[in-house]
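Novice: Chains as they are written, first to last, in full-length UniProt numbering: chain B, 1 to 295; chain W, 1 to 349; chain V, 1 to 243.
Hints were generated in silico from the structure; no laboratory data involved. For each residue, glycine too, the CB sits at the ideal point set by N, CA and C. Take the hints with a grain of salt, since some may be wrong.
[Unchecked claim] From the structure, some residues in chain B lie toward chain W, with a derived Cβ separation under 7 Å:
| hint | residue |
| --- | --- |
| 1 | L9 |
| 2 | A97 |
| 3 | G100 |
| 4 | V104 |
| 5 | I144 |
| 6 | Y153 |
| 7 | R176 |
| 8 | A216 |
| 9 | V224 |
| 10 | L265 |
| 11 | I269 |
If you want the building blocks of each chain, they are given just below.
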Amino acid sequence: MIYDTLNLLFQFLDSFAFIVLATVGLAVIFGMMGIINLAHGEFILVGAYGTTLSYGAGLPLALAMGVGVLATTVFGLVLERTVMRRLYHRPLDSMVATWGLSLVTVQLARIGFGNTLSQVGTPLGSISYGAFSYSAYRVVLAGIAVAVLVSLYWLFMYTEFGTQARATMEDEPTARSMGVDTGRIYLGTFGLGSALAGLTGALYAPTITMTPELGASFLVEAFVTVVVGGSSVLVGTSLAGGFLGVVNATFTNLAGTFIGQVAMLLAAILAIRLLPEGITGLIDSWRAKRAEGGQ
Amino acid sequence: MSLRTVLDGPNTRGTSDRFWAAFGLAVVALLGYPLVASTYAVANAALFLLYAILGLSLCVIWGYCGILSFGQVAFFGIGGYTFGIVGINLSTTTGTALGLLTGVGVATLFAFVLGYFMFYGGVRDVYVTIMTLVVALVVHTFMGQTAGSEWAIGEAALGGFDGMTNIPNLMLGGIELIDTAFYYVVLLVLLGTYLGLRALVNSDFGRAMVAVREDEERTELLGYDTKRIKLLVFTLGGALAGLSGVLYASWGNYMNPAVFGITFAALPVVWVSVGGRDSLLGAIGATYAIEWFSQQLSITGSEYALVVVGGLLLVTILWLPKGVAPAVADWLSEKQSSPSIRGHEEVAD
Amino acid sequence: MAAEPEPLLATDALRKEFGGLTATDDVSLTVSPGERRCLIGPNGAGKSTLLSLITGQLDPNAGSIRFAGEAIDGLSPHERIDRGLSVKFQVPSVYGEFSTRENLRLALQRRVSGEELEDAIVDSLSRFDLADEEYVEANALSHGQKQRLEIAMASALDPALLLLDEPVAGLSVEETQRIADLLIDLNESVGVALLVIEHDMKFVRALAERVTVLHQGSILIEGEMENVADDPAVRNVYLGEEV
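Sequences and hints are given; from them, build the entire structure.
Specialist: Structure below.
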């Protein structure tokens with residue numbers, strides 16, 4: 001009994017970490033710019049390959065992960081300057097264009113590095129309690145997922161960049177007229193989203209097989225969470241991540257990956273039916289009601 | 001009322017006598033192709049032509065009704081697998097005919113159910129696009145884990161990532177449709193689909209479809225049930241993709257989960273974006289050209305086909321967002337000395 | 001006792017809030033069959049919101065609507081249109097890439113077909129003076145022509161009640177007069193009731209049999225134009241503007 005409970009709890013932590021980390025880079029870009037980045041999986045790929053390759057070249061793992069994040073950030077910034085900035089305010093076109101980018105990146109990775117890379121082993125061993133044993137690294141990932149959300153909260157609420165970014169998201173022309181360099185905000189946001197996707201790739205590099213298509217394994221969770229979460233990056237992603245994490249963990253535990261994914265998808269359809277604006281919309285109307293009641 | 005009044009209208013570009021003359025010539029050339037080409041080349045051409053039906057399925061829902069689906073391949077794959085299941089169990093003329101009907105039917109039903117939940121559930125715009133893609137990816141996950149022997153329906157094993165093998169050929173009057181015969185069947189189906197869609201988009205219903213694309217709210221307030229229109233068009237798209245999938249299964253006698261994967265899912269989007277999203281003929285031409293080119297490149301041993309295809313998509317969106325066919329049509333109409341206003345012929349006939 | 005004729009449109013205590021803001025507050029408005037009514041009030045009075053509640057584009061937080069003897073709450077916009085409502089938007093919403101003919105055809109094709117459709121298009125083109133623009137893309141029409149085209153489309157549905165949101169905004173004096181004449185002619189020839197939001201007081205005087213003044217989401221006063229214009233509360237709301 002206790003092992004079952006522990007097992008479910010850890011499964012939940014695992015799902016929650018995966019969902020949050022798979023989504024957060026996509027969510028930052030979608031929330032701030034309204035763009036769904038179809039090449040999101042390939043940003044993760046760059047992070048994972050950067051980490052694995054520099055680890056293979058002899059760097060310690062933590063440093064290798066830093067290289068992965070850096071490589072993805074640079075990759076993202078270059079793309080923002082050359083491609084993305086031409087497509088702001090064309091959300092459907094930007095999705096199509098980023099898909100083109102995704103095809104190119106996957107295939108170039110295949111041509112450049114072959115069909116697999118040799119793996120970084122999972123660090124940190126395992127924790128055990130009686131007959132129960134679990135990879136310590138996976139627990140660390142859950143901690144990092146929470147830390148990422150908290151840091152983003154701090155970044156958007158308490159820094160000048162955050163204030164300006166929120167103003168730009170709310171009303172771009174007004175923000176610009178008040179002296180905000182919105183072009184730089186977009187660049188910064190895109191860079192941040194890329195860095196977070198790179199971090200995801202770096203963190204999961206030791207746990208997944210290094211193939212050029214590895215990005216695709218993050219997409220279902222990432223897209224579903226963004227759809228359920230709506231446009232509010234932090235609140236949407238954390239709540240949707242928590243909700244979907246429970247759904248996914250429960251059903252994966254009961255019946256395997258496929259049923260877990262289907263359950264998430266059904267939960268997403270249900271959530272959209274009930275909350276057309278995503279969880280963000282629910283929070284907004286709740287806030288409005290509370291503000292009114294307080295008057 | 002002549003046939004031309006049904007096929008021509010402001011929602012299709014080529015409406016002149018010259019266009020129809022060129023179109024006729026192209027059809028004659030395609031009909032004559034097996035006379036001059038090798039069996040191998042004809043079989044490949046049949047593949048490109050059956051892909052064009054998949055391209056048309058996206059063209060009609062995206063280009064004419066404004067619903068961008070990234071998951072047309074889900075209906076394609078479901079159609080193909082269903083044909084395989086029925087065909088393997090009943091490999092007779094009636095069996096494969098039944099497989100064709102079931103394949104298209106199941107794909108259509110699947111599109112209807114998905115469309116119903118999306119459109120009547122208030123899912124819109126980019127969310128529709130993402131949901132359709134997620135559905136394809138989830139089916140991909142599902143098909144990938146069907147390797148075990150418990151995943152067999154009658155004689156037909158789904159086969160996991162190894163795929164479903166030994167799918168029979170479509171049969172007509174006791175004759176297996178392979179090589180040239182298959183090519184002609186695909187060509188006629190494509191021709192019928194194209195002309196049928198032309199008639200559809202130029203009909204009253206087609207006008208309402210385009211109106212939904214242009215301004216859904218306004219159209220609702222002219223009294224149109226816009227959710228129903230979107231559902232019908234999306235279902236039609238599912239049926240066409242399913243038909244294409246059935247032909248594909250019969251062509252290669254094989255289906256595997258890669259048809260639900262993210263790379264194959266991108267191809268219809270590439271074809272239609274490059275060809276011109278509101279040009280049926282553009283979608284057909286681009287499908288053929290891009291697939292032919294990719295194959296030529298693969299034959300030479302190059303791995304750069306997908307790089308070129310992805311790059312082509314990127315370049316199109318950035319510099320020619322309407323696609324190639326509309327640009328060509330504009331260029332041709334500029335060359336004509338007396339510019340006629342679109343839609344005029346409709347009454348002149 | 002003779003029964004009161006049932007109103008064509010009756011809203012009962014309609015209320016709509018956005019966040020903490022009340023855009024429409026307890027509005028009970030009735031329009032009789034064949035009536036010409038104008039809805040006036042300063043910016044932000046809730047006029048357009050009220051219109052969207054009637055068409056079903058927005059759902060009210062409270063209150064109900066009856067139209068042609070039937071409760072229409074919860075019906076989707078197209079179902080309300082089918083019961084005899086029609087609307088012209090504030091911003092001219094014609095289909096830019098369609099020709100004038102195609103725009104009209106889209107509005108007419110659900111009601112008539114064949115020869116009759118052809119006649120209806122020709123009739124509409126001449127009534128709204130758009131015959132020369134038949135094959136012109138709507139994007140290329142002047143602002144006045146777009147306004148006329150949209151009114152033509154809205155009236156093509158043969159409604160019992162036509163809702164018009166600022167039909168003469170941005171038009172010249174001559175064109176404004178022309179629209180007023182067209183609407184009065186439409187009203188008198190086929191008996192369609194009009195509910196018109198407009199700021200142009202000259203136009204309102206020319207058109208309206210009765211006016212309703214909205215202020216801060218509520219009905220301030222309702223009556224004939226002369227009485228309403230002299231009302232001190234109305235003068236106060238418009239603060240020195242000539243009414």
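Novice: Next step is simple, just say for each hint if it's right about the structure.
Specialist: Checked hints:
1. Because the beta carbon of L9 (chain B) sits about 25 Å from the nearest beta carbon in chain W, more than 7 Å, this interface hint is broken.
2. This hint holds: A97 (chain B) has a C-beta 4 Å from the nearest C-beta of chain W, less than the 7 Å allowed.
3. At about 3 Å, the closest approach between the beta carbon of G100 (chain B) and any beta carbon in chain W falls short of 7 Å, and the interface hint on this residue holds.
4. Given hint, V104 (chain B) at the interface with chain W, holds; its Cβ is 4 Å from that chain's nearest Cβ, closer than 7 Å.
5. For the restraint placing I144 (chain B) at the interface with chain W, the shortest Cβ-Cβ distance is roughly 25 Å, beyond the 7 Å limit, so the hint is violated.
6. A distance limit of 7 Å between C-beta atoms decides the matter here; for Y153 (chain B) the minimum to chain W is near 25 Å, and the interface restraint is violated.
7. Taken as an interface hint, R176 (chain B) does not check out: its beta carbon lies about 24 Å from the nearest beta carbon of chain W, beyond 7 Å.
8. Contact between A216 (chain B) and chain W, as hinted, is supported at the beta carbon level, the nearest pair being about 5 Å apart and thus within 7 Å.
9. Nearest Cβ of chain W to the Cβ of V224 (chain B): about 6 Å, under the 7 Å cut. The hint holds.
10. Below 7 Å, beta-carbon pairs count as interface contacts, and L265 (chain B) has one with chain W at about 6 Å; its hint therefore holds.
11. Because the smallest distance between the Cβ of I269 (chain B) and any Cβ of chain W comes to about 6 Å, under 7 Å, the interface hint for this residue holds.
Hint violations for this structure: numbers 1, 5, 6, 7, all remaining hints satisfied.
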